[in-house]
Every structure is written in C-alpha cells, then in structure tokens.
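Protein chains: 4
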Amino acid sequence: MKLLLTAFEPFGGEQINAALEAVNHVSVPSEIELSTLTIPTVFGAGAEMILSFARSFRPDAIIMIGQASGRPSISLERIAINLRDASMPDNVGNQPVDQPVVPSGPAAYFSTLPLKTMRAAVLSAGIPCDLSCSAGTFVCNDLMYSVLHLLAAASSPVLAGFIHVPCTPEQASLSNRKIPSMQTSDAVKGLEAAILSLCRFLDRTNSG
Amino acid sequence: MKLLLTAFEPFGGEQINAALEAVNHVSVPSEIELSTLTIPTVFGAGAEMILSFARSFRPDAIIMIGQASGRPSISLERIAINLRDASMPDNVGNQPVDQPVVPSGPAAYFSTLPLKTMRAAVLSAGIPCDLSCSAGTFVCNDLMYSVLHLLAAASSPVLAGFIHVPCTPEQASLSNRKIPSMQTSDAVKGLEAAILSLCRFLDRTNSG
Amino acid sequence: MKLLLTAFEPFGGEQINAALEAVNHVSVPSEIELSTLTIPTVFGAGAEMILSFARSFRPDAIIMIGQASGRPSISLERIAINLRDASMPDNVGNQPVDQPVVPSGPAAYFSTLPLKTMRAAVLSAGIPCDLSCSAGTFVCNDLMYSVLHLLAAASSPVLAGFIHVPCTPEQASLSNRKIPSMQTSDAVKGLEAAILSLCRFLDRTNSG
Amino acid sequence: MKLLLTAFEPFGGEQINAALEAVNHVSVPSEIELSTLTIPTVFGAGAEMILSFARSFRPDAIIMIGQASGRPSISLERIAINLRDASMPDNVGNQPVDQPVVPSGPAAYFSTLPLKTMRAAVLSAGIPCDLSCSAGTFVCNDLMYSVLHLLAAASSPVLAGFIHVPCTPEQASLSNRKIPSMQTSDAVKGLEAAILSLCRFLDRTNSG
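Protein chains in written order, with the numbering used here: chain A, 1 to 208; chain B, 1 to 208; chain C, 1 to 208; chain D, 1 to 208.
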C-alpha cells in the first residue's frame, strides 16, 4: 500500500501551518509506504506538482491536509467546488474573486475516500472528527478540486480527498484569538487512525 | 512553597473528569510541595474537606480545578458568586434552584490568585488561556465561593482560586458533541505554567 | 418580470417554518408578478411540482427559501450537491443516508442567481446576509439540486437558487435553545431587497 | 407604579446604541409612569445622575439597559462586580485596567429585580431571553454596580438591575460582522413584557 500525504506551507502571516506540523509527524506501519509533499499556499500551484510526483510514486490514495482556523475537530471534506473566492491573498499575492478553478470544469467533485469509515476510526481513537460539506473557497478547496479533476480526467483509480485539522494550541494562544485548537500529537493520532482505516478499506477493495 | 490542588470526581454521567485527569498528571519542581485532593461533585461537600486538609498541610495557595464543557481555553475564574442554580443534578441528586451558597454570605468573592500574571505564563507556554467572569452556578462556583468564604472568615492569608479546563478530545469525540477540547497533556502544561508563575509571585511577595 | 418563490412546510416537529412565514408576507411592486408555492418537506417531492408549475407560469427566476436553524443571517446558497444524508426524518419518515439526489447526476450545481449583487442589496437594506457554500444534505439541498438539475436538463434559461433564513424569535424562545433569530418582518425585508436586485439584474441582462 | 429606564449613548465608534433605540420606543399602559434617561458611556458617570433623578422622580424600580454585541438573546444580568477592566476606551478615553468600581465596596451586588419572573414573561412574548452571570467589566457592569451600591448604601427599597439587548440587524449587517441580532421592535416587545411582569410583581409585593 502506498499513500501520498500533502500539506501546505504556512500562510496568512503565520509561522507554522498546523497541517504541515501534523503531516511531518505521521508514522505508519512498515507495510504502508508513505510519502509526503509540501505544497506552496498558492492558487493553482499544487495539483500538477502532486500529479507529477504521483506518476512516479504511484500511490493508492492521496490525502491532502490543510489547516482550518476556528474548527474544533478534524474535518473530512466531502466535496470540492469549482470556485476561487479569496478573502485574503495567497502566498504570492493572488486574491481571485469569483473565478473558476478550471474554466471548463464541472461544478464539483466528491472526495473518493471512504469518509464515514475514516471518521469512525478517528472517533474510535478518541479524536473529535466531523464530515464537512465545504472546504471553503481558498487554496485548500482549490487544490482538492484540481487534484480530483486531474485524476478524473486521467480516469485514474487513485483515491483522493482533503482533510482539515484545527489550529494548534500555540496558534490559538496568540493574542486576541478565542478559537478551538487541537494538539499536533492528537491531529497526528487522528490522521494515523484515518490512514489505517483507509488502508484496510483499500485492502478489502483490492482483494474483493 | 506548598500548594494544594483539588479536582472533582466525574459528573453528569461521564466516565472521566478532564480536570481530575489533568491534576493527576501535574508535576512540579521539588522545591514546591504539592498535594492534591479529589472532591465529590456535590453541593456543599468540598469546602470543609479542603479547609480541614489545609489546616494540617498549611498550603500557601489553593487552586481548585474543574471541567467546563464547551470552553476552548483554560479559564482563570475571577469571581465566585453566592448562588446555587443547577440545570442538572449533582452526584447525589441535589439540584438547588436560586439558593445561596451561604445564606448570610456576601454576594461574591474575588479570586485572590494573581490571575493576569498566571494567564501570561500559560499563554507563554503556548496554551490558550482566558480570564472568566463567571464560574457558573453549579458545583464549581459553589466550591470556589465556599472556600473563599471560609478563608475570609478565618482571615487566612492563604491565596485561593478556581481554574476551568476544557473537555478532553476523548470526551469531545463522543457522539453528537461538537465542542472544543484540550489534550490532558496541554491542560497539564498550562496548569504547571500557572503554578510556577504563582510560586514566583508568592516568592516575590514573601520576600518583599 | 415573473418570479416564483417556494417555501417548505414546517418540519422537525415545529409549528411553523420561518421561511414559509417570510414568503407569505413578501410583497413586491406591481410590475413584478410573484407566485408562491408551498413544498412538502419530503425528499424528492418538490422539484417536479415546481417545474410543473413553472411550465405554465413561465417565471424568469425561481427562488427557493428554507429555514436554517442556528444561522444568524440570511444565507444565499452558492451550490447544491448530489447528496442526501439526513440526520433526522423528513415529513413522511424518509431518512436517506449517503444517497445521491439523482443517481446519474453531476456532483453539484451552482446557483444561477446573481448572489453577490443580491447580498449587497440585502445588506444595504440593513439586514445581515452572507454567502454560504453548503445548503446541507437534507431536504433544502435536495430541492435546490433537483430543480437546478431539471432546469439544466431542459437547457432552461430560468435562473434558480436557494436562500436560507434564520429561525424566528418565537422559535428561538422555545425552551433550551440558544440560537440566533431574525424577525419575520426583517426576513421579508431582506428577501424583498434580494428580489428587487434580482429583477434589476434581469432587466439589465434582458435589455443588454 | 413608577419606573426609570436608562440607556447608554452609542460607543465604540457606532452610530447607534441598540439599547437606546429600544428604550426610546418602549411604551407602557398609562397606570405605569415611565421616565427614561440617557447616560454617557463613561466610567463612573451615570450612577449619580440616575440617583439624583430618582430622588425627585421616586421610581419603584430602575432598569438599566445596555447593548451586548454577539449575544443572541435579551440577557437579564444577575450580578454586578466591583471591577473595571476595559478592553477599549469609553467615550472620553478612559480605559481602566483591574480597578475597582468602588475602592471600599463589596465584591458584587445581585440584581434586585425578579429575574426569573421577568424571563418567563419575555419568553412568553416570543422573544429569546436568558439569564446572565456576567455583565462584563466595561461601562455596563460599572453602572449596574454603582447604582446598586448607592441604593444599598441608602438602604433604598428601590429595585434595580441591568438588561442587555443584542445588536440590531442594521448593526450586524455592517461589513465583516457575523453576529446575531434582534430587531428593535422585538427588543421593545421583550422589554415591555419584562416591565409588565415586574410591575405585577411589585403590585403583589406591595399589597402582600
């Protein structure tokens, strides 16, 4: 089993990105081959990078991870939409308003990960977890849509989806924020539980 | 330096109490003598127990710790009020409505802990922390008021106050809750930072 | 100019539906011909009813209105997704889990209403208003998706979209709810502002 | 029966004050004599003004009304505390930090209004209403504490308390706020219900 995890570079003037912190600490049993990729927090920059890497690495699934300030739980995103509408600039200053991700693309793509199975596994590990119907209209949604679009265009069997993690306590303790947070070790624990349940799902599917 | 920490038994049908979990893991440098006491989650049951213990232990300060479901941060309570108004029964079935804690007592007591100093220390440790102006009207406020009342009645120089900690991720991952949480190890880290800053404050005060 | 407004019957054991209350009080200048339709709160029940009515009424636009408990503002929905996942039964006891609205349908449809123009008009009228990227996975999303799907299948030029309104103060004052609310007269004022801005948009488009 | 209502001038750079708007529209049956007073939003400025007015007007009760941004309901304040701790300047630039309202005063005063009776009346009128255990540490709490302190010092039988109302929809519709709101007509309806229940309570008490 081969998995590709991605996370974004810090953005919005922050020193760290909670998702990147978590991804850097995920460890899995040796029968799972895990690669991780750090993506620039820039509209349109990540998908080709991921697909290019995937062409040589040949993962069974791609899990993109991002940080969602203000959410109290790990969020498994159900759908990515063909919309860029940024309320702040990305890391190179782009701030698209009401633009499509792919001008000729469909309105949306559903995650192809087994989300409810993964959620049950995360909750069983004692980590708060919810499904989400919106990955927003910033770079996270942009990447999720783009990757699912490229995979669909290639009729690829590779599963893919996006997971948001809360800010870290360190981020939440910065002045004047009153937001929920999740310790990196717990985000890691949740992601590992999600990954293991995904791998069991893939095993069953492949042998079925 | 001697400190007394207290926490409540689990209540409201829960298996654990986040504050008790945290208190059980707090550790401090050897020059601080720390005792901990577990208090029944029952109106009126804890204060005499604490004061009785304190008469032999002779702490410099008493920090009572409780669990506050729904809060995202460690909350340093500023004030306890002379009111019992329970929206659910305590652990022996008491559910007082609009009763005073102490019939002849004053309306409220302020915490005598150096709260802003402690908050700064908790935040510096990277743990979200806020001041709070209400410890509610359940057993937490009841205990805080009672202990401050008994100390005041005895003209005791012992400092005392109450700190609320969020639920743990395990508690928040139980079905249908969408509440913020804090890992026990982070609650512990925050409490330890608060305790150390309190001890430095006491040192300065005593030598001043 | 002809507009069709729809609202749902009360659901979830409630006596009223905030959206239905509002729709019943909307009034517009006489140059706009307005029809309203009340839809059963049942998966799959409303779209054909709306399209059938629309075939004779021939509206320029269809605005579906629903109630969103817990939201503080009028929400203009950007997108409907091909998913039914109900956390409670509809008014005839259906509670589909992870079912598509239309088995062969695309993942989603964007609202075809000029949402940012409408939002600006609602805000100018002094009524809180936001865009939303999720109409949920209950009957509201189901209806929005179905109507947009049927219109798309017919290559219809009719614009269509969905607007959520908050609960009324009466609903919010029922015991134990601590949710934001909006007076029906304000929901009406907001909807009227949205309708007028839509009609001006259609006028410009038609004459352009 | 004579009642004195007070409200603050707009503050924090706002054009209006939701409480002042409401108070200006309250009307009561002719057997209730109502006077209203507008108070500068300045620490320490209002209580003497109110007491001076009350010495000639001789009200049976004083209800102070203020605006609480972010709250979804009418809040009946249970208690005022002897603390000024401002996170923004008042209308003349005072921003006290950790100061007492009255240096020698007690820690707190409970409202002397029949709050649960009043809450039931407001809810019966279909207006969301809650009890609150904190009026904050800004000018609202300052006024409530000061008035209760002066009345207590004079052994006055006049009842007094503080009620917070949410922002208006107009205030909430200003850019970038996502806060609950309440229409002025509903705040008025709620306040009128509270006033009538208070007057019935006073009638029963006086004749009892």
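Honestly, the hints are just simulated from the structure, not real lab data. Treat the hints loosely; a few may be bogus.
Where chains are identical, the list cannot tell them apart; a pair therefore holds if satisfied intra-copy or between any two copies.
[To be verified] Straight line, CA to CA, 16 Å or less: simulated EDC-like cross-link-like pairs of lysine to aspartate or glutamate:
id, residue 1, residue 2
1, Lys116, Glu9
2, Lys116, Glu33
3, Lys116, Asp85
4, Lys178, Asp130
5, Lys178, Asp85
6, Lys116, Asp98
7, Lys116, Glu21
Outcome of the hint check:
no. : hint               : result
1   : Lys116 with Glu9   : neither (28 Å within a copy, 31 Å between copies)
2   : Lys116 with Glu33  : neither (23 Å within a copy, 46 Å between copies)
3   : Lys116 with Asp85  : between (28 Å within a copy, 12 Å between copies)
4   : Lys178 with Asp130 : between (21 Å within a copy, 8 Å between copies)
5   : Lys178 with Asp85  : neither (25 Å within a copy, 18 Å between copies)
6   : Lys116 with Asp98  : between (31 Å within a copy, 10 Å between copies)
7   : Lys116 with Glu21  : neither (25 Å within a copy, 30 Å between copies)
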